[in-house]
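*Asks:* Sequence:
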Amino acid sequence: MTPDVPSGLSSVNGENGGMVRKLHRSTALAAVSVLFSASGVVFAHQATAAPAAYPECWVQKESAYTASAGCRNIGTAKYRVRGTCINNGGATWTLTGPWVRSGVSRATCSANQTSALYGQPEFEIG
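Numbering-wise, the sequence shown is residues 1 to 126 according to this note's numbering.
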């Protein structure tokens with residue numbers, strides 16, 4: 001025997017053979033609207049700002065001698081490219097590009113190609 005189920009409710013068998021009643025979403029929303037209307041509360045959906053875009057940053061080895069880095073959606077932060085250079089004698093040093101807030105930070109180990117990038121360049125946020 002199935003018990004009478006009021007309008008807007010549906011019944012499903014729960015665990016252990018018990019009855020569970022679920023309120024349909026449309027009925028629940030209507031009930032909430034009526035409740036707020038009856039109490040005099042004005043309830044309006046407030047638009048929220050879209051979430052800030054995630055920064056999109058990249059770093060690359062343009063050639064054996066030059067590295068670059070760039071960003072979009074970074075806000076007011078500054079960034080630069082950083083890498084390690086090595087010369088023909090095996091000496092190494094840190095190469096850093098200029099700090100920028102937009103565009104590309106680019107640095108070259110040697111204009112006359114006597115030293116090259118050693119390993120992969122990195123991205124630095126300051």
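It is worth saying that the hints were derived from the structure and are not from the lab.
Glycine included, each C-beta is placed from N, C-alpha and C at the ideal position.
The reader is advised that the hints may include incorrect statements.
Claimed, not checked - Okay, the calculated beta carbon distance ranges per label pair: (1) Ile125 - Thr92: 35 to 41 Å; (2) Asn87 - Glu56: 18 to 24 Å; (3) Trp93 - Asn73: 16 to 22 Å; (4) Gly75 - Thr114: 15 to 21 Å; (5) Gln120 - Ala91: 28 to 34 Å; (6) Tyr54 - Asn87: 15 to 21 Å; (7) Arg101 - Lys61: 18 to 24 Å; (8) Thr94 - Ala53: 18 to 24 Å; (9) Asn112 - Gly75: 35 to 41 Å; (10) Glu56 - Thr96: 20 to 26 Å.
*Asks:* Next, verify each hint and record whether it holds.
*Replies:* Evaluation of the provided hints:
1. Ile125 - Thr92: 35 to 41 Å: violated (23 Å)
2. Asn87 - Glu56: 18 to 24 Å: violated (34 Å)
3. Trp93 - Asn73: 16 to 22 Å: Check failed, 32 Å falls outside 16 to 22 Å.
4. Gly75 - Thr114: 15 to 21 Å: Check failed, 39 Å falls outside 15 to 21 Å.
5. Gln120 - Ala91: 28 to 34 Å: Given about 19 Å between the Cβ atoms, the range is violated.
6. Tyr54 - Asn87: 15 to 21 Å: violated (38 Å)
7. Arg101 - Lys61: 18 to 24 Å: holds (23 Å)
8. Thr94 - Ala53: 18 to 24 Å: violated (31 Å)
9. Asn112 - Gly75: 35 to 41 Å: holds (38 Å)
10. Glu56 - Thr96: 20 to 26 Å: holds (22 Å)
In summary, the structure is inconsistent with hints 1, 2, 3, 4, 5, 6 and 8 from the numbered list given earlier, while agreeing with the others.
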